[in-house]
Structure formats: structure tokens, C-alpha cells
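Taking the hints into account, I'd like the entire structure generated from these sequences.
Number of protein chains: 2
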Amino acid sequence: MSITPDWIALDWGSSNLRAWAMKDGRAEANVQSADGAGGLIRDGFEPALAELLGVWNVTARTPIIACGMVGSRQGWVEAPYHPVPCSPLAQGTTPAPSEKFNLQIIAGLRQTTPSDVMRGEETQIAGFLALNPEWDGVICLPGTHTKWVQVSAGEVVSFQTYMSGELFALLAGQSVLRHSVTADNWDQPTFDFTVEEALSKPEKLAARLFAIRADDLLDGTSPAIGRARLSGLLIGAELAAARPYWLGTNIAIIGAEGAATPYARALQTQGAPATIADAERMTLAGLTAAYRTWRDAR
Amino acid sequence: MSITPDWIALDWGSSNLRAWAMKDGRAEANVQSADGAGGLIRDGFEPALAELLGVWNVTARTPIIACGMVGSRQGWVEAPYHPVPCSPLAQGTTPAPSEKFNLQIIAGLRQTTPSDVMRGEETQIAGFLALNPEWDGVICLPGTHTKWVQVSAGEVVSFQTYMSGELFALLAGQSVLRHSVTADNWDQPTFDFTVEEALSKPEKLAARLFAIRADDLLDGTSPAIGRARLSGLLIGAELAAARPYWLGTNIAIIGAEGAATPYARALQTQGAPATIADAERMTLAGLTAAYRTWRDAR
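First to last, the sequence lines map onto chains A and B.
My numbering applies: residue 1 is where the first sequence begins, and numbers increase by one.
My numbering applies: residue 1001 is where the second sequence begins, and numbers increase by one.
There's no promise every hint is true.
Unchecked claim - No farther apart than 25 Å at their CA atoms in a straight line, the calculated lysine to any residue pairs in the SDA-like style are these:
(1) K1204/B with H1179/B
(2) K1023/B with P1063/B
(3) K204/A with G165/A
(4) K1201/B with T113/A
(5) K204/A with E1203/B
(6) K100/A with D136/A
(7) K1204/B with T249/A
(8) K201/A with A169/A
(9) K204/A with V1157/B
(10) K1201/B with S158/A
(11) K201/A with W1246/B
(12) K1201/B with R1243/B
(13) K1204/B with A50/A
(14) K100/A with L53/A
(15) K100/A with K204/A
(16) K204/A with Q1270/B
(17) K1201/B with L247/A
(18) K1204/B with L53/A
Keep in mind that the hints were calculated from the coordinates and are not lab data.
So, in C-alpha cells, the structure goes:
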């Protein structure tokens, strides 16, 4: 028996597409594909969605609420950024031009000084605030482009993006360091020590990267140590730059376990404990909040 | 009429192979190919060299003096690193196992604390010191892996490697910033300002990279500005870490014009003027010094 959803929650990022069939306020099923927005031309979005949702009974009237890069300038249709400070879903949704689907896309957020943008994270923040309505503090969303977000009275006040995730991927996968950091495991004391070192002398960062390779060449240092050092250097440098965000405040980390744990650990070594919230659950809660707002406004 | 060299100078790096036919103390001709050491297996070195030198009259007795990655562990034969402090050519040369060529490979240098290695740059430093025998100070050799080298009384005292060049290539070519930094030109005031900013607040580096993309998205900032900012951030961060090297001393930069000029400019803005020495000329002078030492020792 095929599922007939009340509405569909859609997380359409750069490299992945995921849908949840929502029925009576709960996710009854979910499907995903590799048709991320980054790999699609404009005419490719509707067929990709049709293929993904083919397993369910979906009509042109079924509400579909989406977040992520599907709403970027290179996406299906641009859902313009809303300026902060504002509540994370302040802008409402933009309908996709489709005869086949009733797709509503959540807008991203932008900040003028310093310049910054987010798209997708606003939905996770909305989900977190829906589940923790009185919460004030700073939310860290680790990923390819990690966001630090100051939240107060239900609004995003300011935020800052860090490229540490992308830098790690480039350095570990393609630089001369790749020979010295490829490991399945990870030396925790090295990570802790390196974070501490990067935070206390951030001006030394540039001098420390190549030492990972040199230590391997001269002393045969293990890749598990090399990997922990590279991650520790990058996360330590990020924490040094983000210190005004996280110092002396509540901290929540929204992320998958692999991404969130090193941040939580690094913050812990600085005497700044953080709560970890599951990224998927926050996305779903945020899409649900956006769906309710959209529905109630009709 | 084909050339019969007295000896051959060879610069065999990771990605290029270049030879000069030396006759009566001067380079009479040069040839090059893309057969860098990074792309060759062990059995591939001799044929690659034979192909390159085919245009000249070379016998199995013609001395060939080589520097660069040809002497690494993955090269033709390992020419082991010599520990600093020492004169740049302290180790002498290691012969390649060949019936066809009389190839002598210059050893690299290593440093124990902090761990570091160089291979190829020692020859340029030797060339610089051959041309400037009384010179003391710091030599900067910009490139994929930039070296800062403290030189005193004809010896390499200490050195430090920075990955700024490789980071620039990865970020400008493959990261999300590639959309915002691809330009033929370059905004000089932006570079100067960014270097200054990175030097005065090095802990902010991690926060400033993504702003290059955000400024482009929100304000349409030109790629010439984006490119100058990315380079200024990375060189500024390097200068912050290398400050103990360059502060209050003689500075020479050995590099091709495109690589050396931004470093010279950045140092100038800090009131630290640097002399630029041509990389190719230094390589040739260093190979010549190594040849004479080898010849005189026989």
C-alpha cells in the first residue's frame, strides 16, 4: 500500500536530496537521492523530484516544503535572502514554477556587515528554536562551511561562516599532507593539544601545517596523529576567530555525530560545554514549523 | 652543429625537468620537459633524461649535477637530507645508479626541531651565497611550499616551510571561492590593506575567507578584489607566523617575478624592504658551485 502524505518535507542541498512523507504530524517514510542542487540545471529539478517522489501518492496540490540550495540563484528558483536580525523563517517561502508540484522554498538569511549568507541552516535553527523556545545563546552548525549563529529572543542576531570543513577536505585529500593524514582512527590527546596550541598562538597556524608532513618524513609520525593535528589546527584556528561568539554563553551544536563531536570536544577543552542536537531532527522540526506557518497563512 | 657540454646543470623538480648545457663556465643552451619527478616511477627517470638530452652530445662520462625531487625517496635514488645548521651543499652529492649517465644528485636539508625539510631550495641558497659571499640575513623562497631560511656565516641556521602557495591554488581553483577570485588582474590597495589586517589580527584569518564569497554574492565585489584579498590573507598570515624570521634583518627573496613580487610588496608595507634575486639564476649558480666542489674532490 503506497503512502499518501499530508505534506512532504524536503531537504535539497548541494549534493543530496532527501524527502520525508509527513502524515498526522509524523514522518512516515523517507527517501533520498544524489540529485543535489549543485549538479542540476534549472530544467533538471522537476524531473529529479518526480523521480524521488514516485514511490508515494503525490498530487499537484500536496504541499512540499523545501530548504537548501534548491532556492539559490543557481537553483530551481531563487528564494531571496532575508536580512538579519530576524526570526529564522522571517521571509516565508517562495513557490517553485511547477505545474506538477506545489513546492514552497524557504529563503536563506544574509548579513550586511560583515557580509555573510546562509541557506539551509536557518531551517535547522528554526527547528532548534521550535523545540527549545526560550533558548538564547550561540548555535554552531559544523559542515563544509561551518556557521556560528548568535540567537536571542527567537531571532538570528548575527552569524559568521568558516571554511574549516572545506579546507580540511582539500588539505587532507589533495595537498602534500594527504600522504600523512589518511587514517580511519584519530589520536585524541594530539587533537586536544593542537586545539589548545592553535588557540593560544593563532598567529602560528601557517607555520604548523607543513610540520605535519615533515614529522611524517623525518620521524614516521602516524597518520592518526597527522589527521588529529590537521583537524585540531583548523578547528583551533576557527575557535580563535569565533571566540567572541562562544565565550561565556550557552552553546548548541547542530550536526551529525562525526561533524559535531570534534567541535564539542574542542569547546570542552576550553571550559565551554556545548549541547549537541541532531541535524536531521532539527531540519525536520524546522520544515514542520515552516509548513505550519505557510498553511496557517492561507 | 650539436653542442658538446663540459657538464650539464639539471633542475629536476616535482613537475618539471630542465637542463642547461654548460661550456666554459656558461650556459650555452637549455632544454626542458614536463617529465617532473612527481610523475615518474623509478625506471622512468633514465629514459626521461635520455629523451631530454638527446639534442646534445652527452657521454656516460659527462658530469650531470642535479637538484630537486629527483633525489627524494620516491625519486631516482634517495640523496639523504643533511641536518642544519650546515652550509647549503654540506652533504655533497649522491650518484644515480645509471650506466648511461654520470648523474650526481644534491642532497636536501632537514631540521629536527621543529621538523622541516627542503630539497632544491638548498641549491638556490648556495647560488645566492656564491654570488653574495658575505651576506647574512633571511632568505624567502616563495612557491607551492614557501621557505623562510635564516642564513649566517655561509650556513643555513634554521628554516620554516609554509603551505600558502598550495593553499592559494586549492582555494582559488577548487573551493567555493573559485567563483569569486578568478581574475587576470589584481587590486593592489586591497592586497595591501588585507595583508595589514591579517598581520594585525591573525586570529581572525579563519573568519575572513568566506567573506570573499559573501561579498561577491551580496555586493558583486569584483574578482580582482577577491583575488587580492585571498592572496593578502594567506601571505599576511604567513608573515605573521614568520615574523621572528624577517623582523629587523636583511631579507632576500629568491623567486620568479610572479611569486616574488607579492611577498616583496607585503614586506615593504611592514617597513621591511627585500632584495629580489632571480630563481633561475640562483639555481644555476648553485648547481655550478656544487659542480666545482664535486670536480675538485676527485
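Structure-based check of each hint:
1. K1204/B with H1179/B: Holds - the C-alpha atoms of H1179/B and K1204/B are around 22 Å apart, at most 25 Å.
2. K1023/B with P1063/B: The hint holds at about 12 Å.
3. K204/A with G165/A: At roughly 20 Å apart (the allowed maximum being 25 Å), G165/A and K204/A satisfy the hint.
4. K1201/B with T113/A: It holds: about 18 Å lies between the C-alpha atoms, which stays within 25 Å.
5. K204/A with E1203/B: With a Cα-Cα distance of about 9 Å, the restraint between K204/A and E1203/B holds, given a limit of 25 Å.
6. K100/A with D136/A: Violated, at about 41 Å.
7. K1204/B with T249/A: holds, 20 Å
8. K201/A with A169/A: Status holds; Cα separation ~23 Å.
9. K204/A with V1157/B: holds, 20 Å
10. K1201/B with S158/A: holds, 21 Å
11. K201/A with W1246/B: holds, 18 Å
12. K1201/B with R1243/B: holds, 13 Å
13. K1204/B with A50/A: Measuring from Cα to Cα gives roughly 45 Å; hence the hint is violated.
14. K100/A with L53/A: Holds - the C-alpha atoms of L53/A and K100/A are around 12 Å apart, at most 25 Å.
15. K100/A with K204/A: violated, 56 Å
16. K204/A with Q1270/B: At roughly 18 Å apart (the allowed maximum being 25 Å), Q1270/B and K204/A satisfy the hint.
17. K1201/B with L247/A: holds, 18 Å
18. K1204/B with L53/A: Violated, at about 44 Å.
Going through the hint list in order, the structure does not satisfy hints 6, 13, 15, 18.
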